[in-house]
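Enquirer: Protein sequences appear in the order of chains A, B and C.
By the count of UniProt numbering, the first sequence reaches residue 309 at its end, each step adding exactly one.
By the count of UniProt numbering, the second sequence reaches residue 331 at its end, each step adding exactly one.
By the count of UniProt numbering, the third sequence reaches residue 258 at its end, each step adding exactly one.
Check the hints yourself; a few may be wrong.
Claimed, not checked - To give an idea of the interface, some chain C residues facing chain A are shown, with a C-beta separation under 8 angstroms as derived from the structure:
| id | residue |
| --- | --- |
| 1 | Leu107 |
| 2 | Ala145 |
| 3 | Asp146 |
| 4 | Leu152 |
| 5 | Ala154 |
| 6 | Val155 |
| 7 | Tyr156 |
| 8 | Arg162 |
| 9 | Val166 |
| 10 | Val167 |
| 11 | Pro170 |
| 12 | Glu241 |
| 13 | Arg242 |
| 14 | Ala248 |
| 15 | Gly249 |
| 16 | Leu250 |
Hints are computed from structural coordinates only; laboratory data are not their basis.
It should be emphasised that the depicted structure is a prediction, and the values quoted were computed from it without experimental measurement.
By construction, the Cβ of each residue, glycine as well, lies at the ideal position given by its N, Cα and C atoms.
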Amino acid sequence: MTAVSDPAHPARAAAGAPPLLRVEGLAKTYRTPAGTHDAVGDVTFDVHSGEIVSIVGPSGAGKTTVLRVLAGLLAPTAGRVLISGVPVDGPPPGVALVFQDYSRSLLPWLSVLGNVTLPLRSARVPKAEAAERALRALASVGLEGKERLRPRELSGGMQQRVAIARALAYQPRLLLMDEPFASVDAQTRMDLEDLVLPLREQYGMTIVTVTHDIDEAVYLSDRVVVLSAPPSAVAAVVEVALPAPRSQTTTKEDPRFGRLRHRVLDLVRRPGAPANTTDTTDTTDAANAAETGDFAIPASPVTERTPQR
Amino acid sequence: MKSVFLRPAFAVAALVAVLASSACSASASGPAGSAAETGSSPGAAGQLVVGVVPSLELGLLKVAEAKGFLADAGVELKITNVDSGPNVVTGVVAGQYDLGYTAYAPPLLAVAQGQPLKLVSNTSTVGEYGTNGGVLVRKDSGIASFKDLAGKKIGTNAPRSLLSLTVPASIRHAGGDPSGIQLVPLPFAQIGKAVHDGQVDAGVILEPFQTKALAEFGDLVNLGDSYRDVLPVGSPGALYFTSAATATAKADTIRRFKEALAKTADYANAHLDEVKAAGGPLAGLSAEQAAKLPLGPFKPRIQAGELDTLTTLMVEFAWLKAKPDLSGFVG
Amino acid sequence: MTRRLAAPAWQAVLPVALVLAYQLAASAARDPFFPTLPAIWRAFVTSWTGPGFGRDVAPSLIDLAAGYLLGVLSGLAGGIALGLARRVRAALLPLISFALTLPPVALLPLFLMLLGVGPQMQIGVIAFSVFFTVLINTSEGLRSADPALADLTAVYRIGGLRRLLVVQLPAAAPYILAAMRTCLSIAVLVMVVSEMVGASQGIGAQTLLAQQSFAYEQMWAGMLLLAVLGCLLNALFTLAERAVLRRAGLLPATFAGA
Ligand SMILES: Nc1ncnc2c1ncn2[C@@H]1O[C@H](COP(=O)(O)OP(=O)(O)OP(=O)(O)O)[C@@H](O)[C@H]1O
Ligand SMILES: [Mg+2]
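Model the full assembly from the supplied sequences, consistent with the hints where possible.
Expert: Have a look at this one:
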């Protein structure tokens, strides 16, 4: 239970409790007129309350698919998803999703404020309170003063931030994000990354985010789940034991950051390469073993668990 | 977005296109009429295209064919059914039909508007009281005479049918004020039900619809024969007519048709049952129905003066501004 | 840009040319069937302004408005039901497709039987002519909405009336408005034709009277009124439609229009 003492992993303090999110043997086969496509083969991982977990993997690896299953938008072909121990069979309450197609998820006929308050009003949050929460969320993503505009009147990056603000204002217990910072400039991206980090302290949010950006995955996460090419499985789960608080300058200059980055990059580039990374059953065992404390976290801040045959 | 604004343009374009195309067909009737006698349009030599409003009286043409009166005269008829008198007139004016058959109101109105139509032959005449159609009212309506129709809503087959003229004339004749009545166009087949349901206070009707309606709705009663009320027995009832252009272009064929029809009328007046039997199917009547219906004597030749009562009424009830000069029409 | 600016000018060319051509042809022909434009205009003024407006034009417009609104509202309601209930839609679609092919004008006698003589018959026929088009387009618009919107409402648990009014109907608005605009022209046509049976007042009744009286100026005046009415209503609707869509952010705010 070395992790318990790790200040970078506040979640581990509650390690005895069941994980907030448990993904068990998830598989998804799409049926299309052209035939079937095994997008997700066997994905298993856990996320504890208060953790930030990134999912990385090559394009088409099924990252969006996994996220949609977590959000209850898609039924898995096999396996199951539990949130606080309850199986997901439809969109569960208290879960927000920032869509990859952010522009399609904003309603052009509502103002920015209208878009952000819509889920709140639907959740019976009083009008004034909804507006207040929305304005705070908009301010936190740097969109103060834009609340009266229509999404169309904003740039792509600003629209993406509206979608993020909508999720933040919703104050979910589980926040799912699908490449949320893909279309913002480098500076804004860093600002948003630094916005996400304190969220778990502020709201006790648990975050699962999909990203293409290895730096971002390492910088934000407590753990990085690396998916293999489809039919995807968990190629590796990389523990990121970088100290908190993290900062764009000091953390990214930390040599441990560089090593982690390098490690993840290798895994993403050739996730199926080592013969011993393909057996997903072992991955699951390994992951579970780690969480039950059978896997000691070594003195090195990097814990890489590579599935073993 | 462009299409949005083109739409009005198309509306106007369509309107004008309609104007233009009907202009073509109408103007064709003038000069093209002369070509018709020698060749194809609309009928071949000796052939006449007749636009008719279906009626029992058309048995006359069937009898003319059956008894060989038309064949003797070298005339062959091509009969086309038309839904209303005004459309018969329009077809004749446009050169679509050589001859038209209808009651007098449409051609007289057209003549008054400057269309050079020519009477070819009168056919039927106004019959005895009760044989020229009726006006249905509900028994419990409190309407006991034409006078009581003042201010009422009256169903009629067309706003410019003769019945729409004789009813107000009858009201005035009975001492009532016809100015407040409201005439509602309704198909004859629905008049009975409309009166029965109270949708109209009264409805003008002709046979065979009258008998049918009275049989179906026991609460209806016939108020009387407005036709005979205002027009004397023997007044012209319906006619065959042509346009001035066709009258010139097919003068000979039309003259022979006229003579054949006069001979047929003489025969028919002595054999009205044969006319009814032949005309029944044309008017959609069974043999028994046709046999029971009244059919006035045929009278091919009339004088312009005999139409005077009618044109006077038309002026009095504002159908016309002034009495038309019928000398060209009756000829 | 230049094309857009030039468009109105081009759109005016054809009607103006046709009107001029008509005037030339009519004054040359001297046929009572083709009165000249001034004659038509005089008939237009006497028939449709002054007492004629209150007696004929106003009741027609009231029937038109009532029938159109009734048809649009019931079509919307039915379209929403169909758009949201897949099975109901599948069951009713053949019937609706059949009904769409029925010309309302041909059904006039039926409406006369069912609704009797009076404005309710005109209103009924107009509503009928509008109903199915709005119905099918509303359900089509709801069904063809971006699936991303369904994901959105599912994840954020936006349901019930709020989902319908704030998400689904606005998304279907372009379909619904297009159907409503098409139906407007149909409704004008049906209004006129329906007044030719069982009506003693109204634009259609007067035009029928003019036709039966061979009062050609008045007949053309009636058609002119219809053309003007059709254009006017269409233009007004288009403006309103644009305003609605622009307000809804479905048209770029900078769009200049024509
Ligand atoms: N609705 C669908 N029907 C059929 N196939 C699908 C569907 N959605 C995704 N796929 C397929 O499943 C695979 C995984 O798709 P997914 O969108 O989950 O990948 P991803 O990892 O999110 O990719 P990216 O990084 O490009 O966003 C792809 O091959 C894709 O073509
Ligand atoms: Mg994706």
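Enquirer: All hints, please: hold or fail.
Expert: Comparing the hints with the structure gives:
no., hint, result
1, Leu107, "violated (38 angstroms)"
2, Ala145, "violated (11 angstroms)"
3, Asp146, "holds (6 angstroms)"
4, Leu152, "holds (5 angstroms)"
5, Ala154, "holds (5 angstroms)"
6, Val155, "holds (5 angstroms)"
7, Tyr156, "holds (4 angstroms)"
8, Arg162, "holds (6 angstroms)"
9, Val166, "holds (7 angstroms)"
10, Val167, "holds (6 angstroms)"
11, Pro170, "holds (5 angstroms)"
12, Glu241, "violated (14 angstroms)"
13, Arg242, "violated (14 angstroms)"
14, Ala248, "holds (4 angstroms)"
15, Gly249, "holds (4 angstroms)"
16, Leu250, "holds (6 angstroms)"
The structure does not agree with the numbered hints 1, 2, 12 and 13 stated previously, though it agrees with the rest.
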